[in-house]
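Let's have the full structure, built from the sequences with the hints guiding it.
Note that numbering that gives the first Met the number 0 numbers the sequence shown so that position 165 is 164, with each residue one more than the last.
Simulated from the structure, these hints should not be mistaken for lab results. Mixed in with the good hints, there may be bad ones.
Simulated restraints on C-beta separations [to be verified]:
hint: 1; residue 1: P178; residue 2: D218; range: 31 to 41 Å
hint: 2; residue 1: N154; residue 2: G132; range: 43 to 53 Å
hint: 3; residue 1: E135; residue 2: T261; range: 18 to 28 Å
No more than 30 Å apart at the CA atoms, straight line, and that leaves these computed lysine-lysine pairs for BS3-like [to be verified]:
hint: 4; residue 1: K129; residue 2: K208
hint: 5; residue 1: K208; residue 2: K250
hint: 6; residue 1: K153; residue 2: K208
hint: 7; residue 1: K153; residue 2: K271
Source: prediction; values computed, not measured. From the three backbone atoms N, C-alpha and C, an ideal C-beta is built for every residue, glycine too.
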Amino acid sequence: MTPYGRALASWSLSVASLVLFEGTIASVLALEANHLTTRPLIAERPSASPRTLPSQRRTTTDGVLRLDEPVTVRLRSTMLQVPAAYLSPWPHAEVRHRVNDVRSLRFEFWMPDGRYLEVNPISNASFRPKEPGRAEPSQDAFVVRVWDVLPSVKNESRYVSPDQAFQNQVRNRYPPNSPFSFREEAFGLVRFWPADDANSDYSISYRNKDGADPQLLLDCVGPGRFRVFLACSARVYLVSEDLAFSVVFPKEQVQRWREIVTTARDLYNSWKSQPRDVK
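Next comes the structure, spelled out in structure tokens:
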């Protein structure tokens, strides 16, 4: 496996370590706060100057790779030239001058213009991050995360399409044969929910119309689920192109699902020949 492939594989372990680290720090701070109450008062030191954000735009991922520098990626039999800053996590200099084999592709981009982020995905959880040297994002701007991009999955027995996943979800609900209710929405998807749980506060689910391309199974955070950033996640399969991926985007943008899917597809297809001009 290439260095970039190993970086992708270690991502989950890194996140788990960060959570443990934060918990440890919180405990230490609590003990320190208790200890401070027994100390004699000392003169306050002058406060440091507030930290200011960089005024210049970022131009590299690690001080070496330009944000727009093409990285050669081989995804199964598909060769791609992906501008470095699209990739998640950001690559390092080791990816230069080689073919980087990956099991699946992850990338992020801004809507509506499809440009890459100028902040490291590892340090950003927001859908509207403030980028160094740039103005605040416009009202219609937001980040889309694309995961598990896989071409040529049609004949794979282990691949579960959105339509198959929906059938499994309906079939496996307890008690067996529980009815579902359906409502066609104005933005082209069908909302569905268990008929005996019409006011569920856990999730809001949608799927494509029967026979539609693309197939899509979408889950949005319900009003009763605590999340810092309310989001929708969708499993997508482009039938005519035999291309599968998942997307995550802000919940309030669900009506723009088709535009989001189309932009993700167009970016992927553009990398098959040459990097997209994002300047």
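Now for the hints, and whether the structure bears them out:
For the hinted restraint 31 to 41 Å between P178 and D218, the CB-CB distance of approximately 20 Å leaves it violated. The supplied range of 43 to 53 Å is met by N154 and G132, whose beta-carbon atoms lie about 47 Å from each other. Under the hint 18 to 28 Å, the C-beta atoms of E135 and T261, about 26 Å apart, fit the expected range. Taking the CA atoms of K129 and K208, the gap is about 37 Å. The hint is violated against a cut of 30 Å.
For the hint linking K208 to K250, the alpha-carbon distance of about 20 Å falls within 30 Å, and the restraint holds. This hinted pair checks out: K153 and K208 have alpha carbons roughly 20 Å apart, not beyond 30 Å. Distance restraint check for K153 and K271: the Cα-Cα separation of roughly 20 Å lies within the 30 Å cut-off, and the hinted pair is therefore satisfied.
Hints 1, 4 from the earlier list are contradicted by this structure; the remaining hints agree with it.
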